[in-house]
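Model the full assembly from the supplied sequences, consistent with the hints where possible.
If you want the building blocks of each chain, they are given just below.
Number of protein chains: 2
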Amino acid sequence: MFGITPSARLRPSPYYEATLAEGVTAFTTYNHMLMPTSYGHPEEEYWRLINGVSQWDVAVERQVQLQGPDAGRLAQILCTRDLSRCQVGQGKYVAVCNHDGVLINDPILLKLDEDRYWLSIADSNIWFWARAIAAERGLKVTVSEPDVSPLAVQGPKAEDVVAAIFGDWVRDVKYFWFKETSVNGIPVAVARSGWSKQGGFELYLMDGSKGTQLWNIVREAGKPWDIGPGNPNVCERIESGLISYGGDTDGQTNPFEVRMGKYVDLGVADDVIGIQALRRIHQGGVKRQQLGVILDGDTPTELGFFRHGVYRGEQRVGHLTNCIWSWRLKRNIGFGLVASDCATGDRVVVHKDGQRIEASLVTLPFI
Amino acid sequence: MFGITPSARLRPSPYYEATLAEGVTAFTTYNHMLMPTSYGHPEEEYWRLINGVSQWDVAVERQVQLQGPDAGRLAQILCTRDLSRCQVGQGKYVAVCNHDGVLINDPILLKLDEDRYWLSIADSNIWFWARAIAAERGLKVTVSEPDVSPLAVQGPKAEDVVAAIFGDWVRDVKYFWFKETSVNGIPVAVARSGWSKQGGFELYLMDGSKGTQLWNIVREAGKPWDIGPGNPNVCERIESGLISYGGDTDGQTNPFEVRMGKYVDLGVADDVIGIQALRRIHQGGVKRQQLGVILDGDTPTELGFFRHGVYRGEQRVGHLTNCIWSWRLKRNIGFGLVASDCATGDRVVVHKDGQRIEASLVTLPFI
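The listed protein sequences correspond, in order, to chains A and B. According to our numbering, the first sequence is numbered sequentially starting from 1. According to our numbering, the second sequence is numbered sequentially starting from 1.
Keep in mind that the hints were calculated from the coordinates and are not lab data. This one's a predicted model, so the numbers in the text were calculated from it and none came from an experiment. C-beta atoms are modelled at their ideal positions from N, C-alpha and C, and glycine is treated no differently. Each hint should be verified, as a subset may be incorrect.
As the list claims (entries may be wrong) - Simulated restraints on C-beta separations:
1) Asp353/A with Thr142/B: 34 to 40 angstroms
2) His41/B with Glu358/A: 40 to 46 angstroms
3) Asp298/A with Thr25/B: 29 to 35 angstroms
4) Ile367/A with Gly297/B: 55 to 61 angstroms
5) Trp225/B with Glu145/A: 43 to 49 angstroms
6) Ile367/A with Ser240/B: 50 to 56 angstroms
7) Ala269/A with Ala269/B: 29 to 35 angstroms
8) Glu314/B with Glu17/A: 20 to 26 angstroms
9) Asp115/B with Glu358/A: 33 to 39 angstroms
10) Glu220/B with Gly354/A: 43 to 49 angstroms
11) Gln252/B with Lys223/A: 39 to 45 angstroms
12) Ile367/B with Ser209/A: 35 to 41 angstroms
Said to hold, decoys possible - In the DSS-like style, the derived pairs of lysine-lysine whose C-alpha atoms are separated by at most 27 angstroms in a straight line are:
13) Lys197/A with Lys179/A
14) Lys352/A with Lys210/B
15) Lys210/A with Lys330/B
16) Lys92/B with Lys197/B
17) Lys197/B with Lys330/B
18) Lys140/A with Lys174/A
As the list claims (entries may be wrong) - Rough simulated footprint, nothing fancy, chain B against chain A, three-plus residues with beta-carbon under 8 angstroms:
19) 133-140
20) 327-341
Shown next, in the form of structure tokens:
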């Protein structure tokens, strides 16, 4: 693995010191910040998420805050999902598109107040986007990056840990809903969410000086359930069919291509950015689709930077946007962004690292 | 040094294989791509740039292409520098600002044709920005990312190497001007530019499949001058006073604060984004300025992610945005973003890694 050279362009998270103390060994960069990606024991970290509980530094999930009398209006203009019934305390997974209907982020929208929203973003610059739109349309709204840094607690035992910290009321929090509260005077919003399908919460820390303190509160509270450090788990998220914006998408991807059509409401107002293009795309039909790919063979693959070509006979029909050894399926698996005439059950060939590997297309998620 | 975990969110450059063959040991990420930052011999790589010639994978300097009848109009709307006299074949260093006059990128603008421009960008998403503005203002222009990947040849002997490849005409190319040509059928634009003050060229490769081939052409041509691999050199660029957007700037920085006032033309039309705010800021005076900081002591510092506080007595007056051991000055040096009542010659104290280090403020560049 190559080293990552430090510079002030890449911000450490409020949990940086705590993750160093836990023995972090590798990072990725995301929204110009460092995100831990390994503590040196990948399989152990995976099973901890599947069977137990794991705590993650996901401060890189930054918030684009919209505040002011036109905040709600701007939120709807930016999101292709109908937000008219979104309540204070509720979150929604949304597709943010450009004017051509191309996906430019897939954040969680959180409604904190009638005039205050957060877009808890994936890895692209929605501050620039939102500020440009707000200024050009003359909206009365301030777009900012507040001091908010999520810490995820994920896995089947996550609810017990979070309840031990905040009380049993957290057991009643519905999926994507959240509540502002505090622990030992540290302000947090507790949300039932997280980038895994193993269940759990995200604690939105609202004071960056308290990262180590919050990390250790979770660490201590989690001891009876054998909590340990982890990170958004590439294997689990691929098994579970979760999208990584910028990895599983490219500069032409629209929401329909990557199984996000259900989050697009074509009936929203015409001033919602991208909706007119999406109506045309929906009517005309998409050219690509996202399917699972199960590669033949049982030799675990290594993570890589490249997208591998997917072929049907001699015809290239698309590419793999990720590929990993699944500890549960005992196969190398990945997402294929492939032509829309491909179908579940089709046999294909993946051209990977000089090899031609037979594979099958399947419906996502894998598990 | 920590590892960097591979994923498709981080694109390798067309020169990736070539840099692997050269023995690259570390990367940074920049515009969601990997940029080599070390070949394992930092001091040797530094002196090669200062005394000889060095070739760099700077494919991360991506191009935001503006094409169409309104391309020139959009270019001017985005740039706070007067472009009315910019000629085809000419480049200009520009400040791109948001509506509040905050710097959001400092690219080189290249005018390829009356209706085609590139913004050769620093590390922020100007595609989103330019597309939002173009769409909201109804301009007839397409904003895209063309297949263009610069390779820099830098150092006092760079001109000899580039002349050996393309001919002696390159010796007459003026600073920031460029010419489209080809070598062995590979399309490139040859520009006199580069992120160092040691002189040299950037070869804008216009066919990503030919990265290794172009790398090796430069490598072979450079042998008489003992060329070797390098990268945008943190030590040299700090000695030379070159700005790194996102490292030396933050979410409030305007061009006047970071010595870019000479690239702002306050007389451009009112529809240039940020110009009205910049006129107000210019009139009111800035609150911060960028000065050099020379730290006492002669123990070389290590690169880090953090910005260290700069104090005058007990009063915090700003912070260091970078810090490195200068092999020419034999001192640790950095840029201070400090209060505008600080002055060259002032003694300050840098709070760094638990230490309090005496230091002096100086005018930039250091050398």
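Violations among the numbered hints, reported as their numbers in ascending order: 9, 10, 15, 18 and 20
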